[in-house]
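Asks: Work out the full structure: start from the sequences and follow the hints.
Residue numbers (our numbering), protein chains in the order written: chain A, 9 to 809; chain B, 306 to 451; chain C, 2 to 114.
Check before you lean on any hint, since a few could be wrong.
Claimed, not checked - The calculated BS3-like cross-link candidates involving lysine-lysine, where the alpha carbons are at most 27 angstroms apart (straight line), are: (1) C:Lys-99 <-> C:Lys-23; (2) A:Lys-733 <-> C:Lys-51; (3) C:Lys-99 <-> A:Lys-686.
To be verified - From the structure, some residues in chain B lie toward chain A, with a derived Cβ separation under 8 angstroms: (4) Asn-335; (5) Glu-336; (6) Pro-337; (7) Ile-342; (8) Ile-375; (9) Gly-378; (10) Gly-384; (11) Val-424; (12) Gly-430; (13) Ile-436; (14) Ala-440.
Stated by the list, open to error - Computed spacing ranges between beta-carbons, pair by pair: (15) B:Tyr-328 <-> A:Ala-635: 32 to 40 angstroms; (16) A:Leu-774 <-> C:Arg-108: 18 to 26 angstroms; (17) A:Val-612 <-> B:Leu-321: 23 to 31 angstroms; (18) B:Leu-321 <-> A:Leu-735: 29 to 37 angstroms; (19) B:Met-390 <-> A:Leu-169: 47 to 55 angstroms; (20) A:Leu-735 <-> B:Tyr-328: 24 to 32 angstroms; (21) B:Tyr-328 <-> A:Ser-596: 47 to 55 angstroms; (22) C:Arg-108 <-> A:Arg-111: 41 to 49 angstroms; (23) B:Leu-391 <-> A:Val-149: 17 to 25 angstroms; (24) A:His-159 <-> B:Leu-391: 51 to 59 angstroms; (25) B:Met-390 <-> A:Val-149: 34 to 42 angstroms.
Bear in mind the hints are in silico, worked out from the structure with no lab data behind them.
Ideal Cβ positions, reconstructed from N, Cα and C, are used throughout, including at glycine.
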Amino acid sequence: MSSLFASVMLPFILAPWVPALYRKAGRRVGFLVAVVPVSLFVYYLGFLGELGSEPVGFRLPWIPLLGVDLSFALDGFGLLFALLITGIGSLVVIYSTYYLGPREDLGKFYLYILIFMGAMLGVVTADNIVLLYIFWEITSVASFLLIGFWHTREESRWGALKAMMITVLGGFGILTAAVLLYVVGGSFELSALMENREAVLASPLYVPIVLLLLLGAFTKSAQAPFHIWLPGAMAAPTPVSAYLHSATMVKAGIFLVGRMAPLLGGTPLWYYTVSAVGAVTVFLGAFLAIRQTDLKALLAYSTVSQLGLIMPMFAAGTEVAALAGAAHILNHATFKGALFMLVGIIDHETHTRDLRRLGGLYKAMPVTAVLTGIAALSMAGVWPLNGFVSKELIFEAMLHPPFGPDVWTQAFAVLAVLGSAMTTIYCLILAHRINFGKPRYGDAEHPHDPPAGMLLGPVLLVGLVVLLGVYPYIAEGPIFNAAASGHMREEVHGHVHNVPVPGMPLAMSLIALGLGLWGYRHLESVRRAFDQVRPRVHANAVYDGILAGLDRLSRWMVRVHMTGLLRDYIAYILLVVFLGIGLAAAASGAAFDLRLDLAPMTFVEAVVIALIIAGAIAVAAFRHRLAAIVALSIVGLMVSFLYVQLRAPDLALTQLMVESISTVLILLAVRYLPPLPKEQDTARRKAADIALAAGAGALVAFLALMTNANRLFPSISQYFVENSKPLGGGSNIVNVILVDFRGVDTMGEITVLGIAALSVYALVTLRQRTRGRAERPVDDPPVAFDDPRSAARDAREGEMP
Amino acid sequence: MNPLILRTSVRIHLYLLTLFSFYLLIRGHNEPGGGFIAGLLTASAMVLQALAFDARYASSLVPVREQTLIGLGLLLAVGTGVASMLFGRPFLDHVFHHTFLPFLGEVELASAVVFDIGVYLVVVGVAKWTILTVATGRAGQSGPGS
Amino acid sequence: MELAAIIAIGVLFGSGIYLLLKPRLLRVVFGSALISHAVNLLLLTSGRLKRGGAPLVGDVPAPVTDPLPQALILTAIVIGLGTTALILVLAYRIYQEKGTDDLRQLRGLEDES
Chain A
9 MSSLFASVML PFILAPWVPA LYRKAGRRVG FLVAVVPVSL FVYYLGFLGE
59 LGSEPVGFRL PWIPLLGVDL SFALDGFGLL FALLITGIGS LVVIYSTYYL
109 GPREDLGKFY LYILIFMGAM LGVVTADNIV LLYIFWEITS VASFLLIGFW
159 HTREESRWGA LKAMMITVLG GFGILTAAVL LYVVGGSFEL SALMENREAV
209 LASPLYVPIV LLLLLGAFTK SAQAPFHIWL PGAMAAPTPV SAYLHSATMV
259 KAGIFLVGRM APLLGGTPLW YYTVSAVGAV TVFLGAFLAI RQTDLKALLA
309 YSTVSQLGLI MPMFAAGTEV AALAGAAHIL NHATFKGALF MLVGIIDHET
359 HTRDLRRLGG LYKAMPVTAV LTGIAALSMA GVWPLNGFVS KELIFEAMLH
409 PPFGPDVWTQ AFAVLAVLGS AMTTIYCLIL AHRINFGKPR YGDAEHPHDP
459 PAGMLLGPVL LVGLVVLLGV YPYIAEGPIF NAAASGHMRE EVHGHVHNVP
509 VPGMPLAMSL IALGLGLWGY RHLESVRRAF DQVRPRVHAN AVYDGILAGL
559 DRLSRWMVRV HMTGLLRDYI AYILLVVFLG IGLAAAASGA AFDLRLDLAP
609 MTFVEAVVIA LIIAGAIAVA AFRHRLAAIV ALSIVGLMVS FLYVQLRAPD
659 LALTQLMVES ISTVLILLAV RYLPPLPKEQ DTARRKAADI ALAAGAGALV
709 AFLALMTNAN RLFPSISQYF VENSKPLGGG SNIVNVILVD FRGVDTMGEI
759 TVLGIAALSV YALVTLRQRT RGRAERPVDD PPVAFDDPRS AARDAREGEM
809 P
Chain B
306 MNPLILRTSV RIHLYLLTLF SFYLLIRGHN EPGGGFIAGL LTASAMVLQA
356 LAFDARYASS LVPVREQTLI GLGLLLAVGT GVASMLFGRP FLDHVFHHTF
406 LPFLGEVELA SAVVFDIGVY LVVVGVAKWT ILTVATGRAG QSGPGS
Chain C
2 MELAAIIAIG VLFGSGIYLL LKPRLLRVVF GSALISHAVN LLLLTSGRLK
52 RGGAPLVGDV PAPVTDPLPQ ALILTAIVIG LGTTALILVL AYRIYQEKGT
102 DDLRQLRGLE DES
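Replies: The following block contains the structure:
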């Protein structure tokens, strides 16, 4: 199925051309771009009825060393998402050509949209966790770019950053979980991991894997307490909110839970964690939605709430729950997508989203008002709309939990009913309060229904809302059961029903509707009561606190360690090395096992070494710089002489030459530098320096001793000794190593040398350029070594104590 | 002070040192020596000239631009590597061959020596460039700075 | 022999560090030169000293000193020359630009953090 791979890559391949296309085609670019999602939608439609629990796949080796392949698999579960991504994507692309004003950069907008589309398709078709993670992060980045699309606005940047921070934190959780899964299950491939389910479940890493993975799912799907990024994301253009932040991207977390459930699910940990978080989110989201006055914020919190309703359905592992979840994913996408687009239209026409300034819209824009009403009532679960169908299933699933009913599952059900009651309240606000009553049109005098192209999306989606409500059987087999089968990895044959069946689920629905109606009638007092609730801990405050804390921490770290003084840096490095070596030495007692194997020392060598030691101390001690230079070159020459003694003729020659050249270089450079002043250090500081230096010297000597006394591995040098002549054709082994065995290293080295010379040249030339531009030309004469000025300066310096 | 003795002896040293450096370069594969050492020796010869006369004169003794030297050296080094690839061998895999030349007797021709010549050229170029720059405190005579 | 070399390494390294702790650029140059000597000798010592002749293959097989550290050190010495030249020019340029070679006065801007 290479066409599957092509379908995921197509948006990525076409995306870079969109800005150029925009420059050519202008505002019509949207219709051209729409070809991509529409054709992909048609492509995925072709799978309808053919896919269930058995996936079609495609695999291309990518990073075989790490076990990461481009492996894709599409089953019924992924197909449902793919259809949403391409279907709603098509509608949103067309809608946004009308929504975005003439001055907006449509090229950039559609570029981001296409990237998101490809990444989202990748998430739902990836069969490799690492691949899934990569696409997952691309959706986060695309979301960041789209939320910040109006990047000149402060709130857009803030919202974009917040969404990015939280979702990327979750992404990190997924990556960690993937690595842990690899450790336990031996593969990144989902299909291979499924074979190892027993090993994964039995592993002690199971709990961290589940929690990390759920962290990813909860952050992406805005579950409490990570829901705070979704309202901030409403700073995005409304088409983006309709697409990413209600229909597709926020469901990626649900997808992840559904995808991993056959592998990690079936345990109380999995079920109760997801269900508890979901139940709290349902309640909290609906509660917060009622407090909002901004229509988009209201929809955002309502999305949070609805996602909390769906999420546990894929953690239960029962057939009815899987079916309920699949159905509600589709239904929520239809009514919520439509509502976002309709709110966008209202905003577009009246220039406000403040529901206190809206009312009686039915008179001014009847089509919009009717569509809004139907979509909102469906969300409230009113018969015979599709929200009713899936909500019944959800309540039924909640009443039949996988581990039997207990006090917890009853609490979840109560929270769900209360959440639904509050959902009814805000749905009535959307359906009734802004459409009827006294006309309040915001800033507009005469708002009217938008052009047909802008209404296309809402009309089609609301049409689906009605169709799936009246006749859900059309989707039962090819979509709902197929998706449930893909999620469960076994064939599911559940049933949906559109007629109210007496029973507990219907009773729960009626209670929720009744409570909601009562609450809506007393809306003002309910609002007042809700506003009284001021929780002591607020998730937003925690987020801000963490950010501010990180900021303070990094400032503090920079202040403490980046003093700009070489002295401090050296001291830090040495301290860490001391600690590290000390700990390592303490940890392995073997380090003190000295088995010295010493060569004899001749008198000449002793003298040479004594001279080196004396010279080194002299360099450090001399205050007169010429004296120090002389001492330094004595050390160099003695080292060179020592090389002769130690049977290293090549080294001796090199050292000799380098020593003479570098001495001359230092002497030449010294003329440009000021004489060394008298020491200003306090005695205490000097003592500290000496202590540190002595410690460092002792440490290195200790290390040298240890390397000498503890040879853990045999030397590889024998190979070079034996093969120098036969393989390298030279009898100077050192030279053969340099030019032949390790020739690539030498090549790198001479490149470095060339770069060093280039830098030396550049540093000096730079000065001349800047100076030449400033004022005076350079007229330093080419200086011979016997320059009288430097001689005089050195003479002066010599008089210093 | 007129460093006449220094200057006279340095002139003679120049030829001796240069010749010796070539010798070290060629024999480096079998005896102590090689590209690094030979290059540094040539550089020391230049330093001597710089001491006796001045840096500009010293660098003019090597009548090739320092950038060219470095570039040529790197090219030779990479070239031997690429050449071995052309013969289907790994990068920088050297070949050697013993042959008889008049006056010199049996001589070993090794592609590794070509590599070493590259090293030599780079070292000479780097030394020339650095010494000239540091000694004059300005860009070299052949650079765009003058 | 090794013990003596190790003492020399320690002293070279200690003196080098002492110089690095000083605020004058020139002394930093000296310090880095001493440290390169120390590291080179350390490498050489790690391969055992004087376990045979110079690493040249003669007609008669004879034990030779470990050639590998020598090859490593040879490149290190030459690179050391490049480093020394670079630090020198850097010091000289800093002095030209800022009028000081005191590292304590070359700390960047106060509001940088």
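Asks: Given a hint of 18 to 26 angstroms, does the C-beta separation of A:Leu-774 and C:Arg-108 actually sit inside it?
Replies: holds, 22 angstroms
Asks: Answer holds if the nearest beta-carbon of chain A is closer than 8 angstroms to that of B:Gly-384; otherwise answer violated.
Replies: violated, 11 angstroms
Asks: Is 47 to 55 angstroms a correct range for the gap between the Cβ atoms of B:Met-390 and A:Leu-169?
Replies: holds, 50 angstroms
Asks: For the hint on B:Val-424, just tell me whether its beta-carbon gets within less than 8 angstroms of chain A.
Replies: holds, 6 angstroms
Asks: Check the following: the C-beta atoms of B:Met-390 and A:Val-149 are separated by a distance inside 34 to 42 angstroms.
Replies: Because 40 angstroms falls inside the window, the suggested range holds.
Asks: Would you check the hint for C:Lys-99 and C:Lys-23, treating anything up to 27 angstroms between C-alpha atoms as holding?
Replies: holds, 18 angstroms
Asks: Against chain A, with CB atoms and a cut of 8 angstroms, does the hint on B:Gly-430 hold up?
Replies: holds, 7 angstroms
Asks: Can we keep the B:Gly-378 interface hint, with Cβ of chain A closer than 8 angstroms?
Replies: holds, 7 angstroms
Asks: Hey, does the B:Ala-440 contact hint survive, CB to chain A under 8 angstroms?
Replies: holds, 5 angstroms
Asks: At a threshold of 8 angstroms, is the proposed contact between B:Ile-436 and chain A supported by beta-carbon distances?
Replies: With a closest approach of 7 angstroms, the B:Ile-436 hint holds.
Asks: Taking 27 angstroms as the top limit, are the C-alpha atoms of A:Lys-733 and C:Lys-51 close enough?
Replies: With Cα atoms ~21 angstroms apart, A:Lys-733 and C:Lys-51 stay inside 27 angstroms; holds.
Asks: Does B:Ile-375 pass the interface hint, meaning its C-beta sits closer than 8 angstroms to a C-beta of chain A?
Replies: Hint holds; B:Ile-375 Cβ to chain A Cβ min 4 angstroms, cut 8 angstroms.
Going down the numbered hints, you'll see the structure goes against 10, 23, while the others check out.
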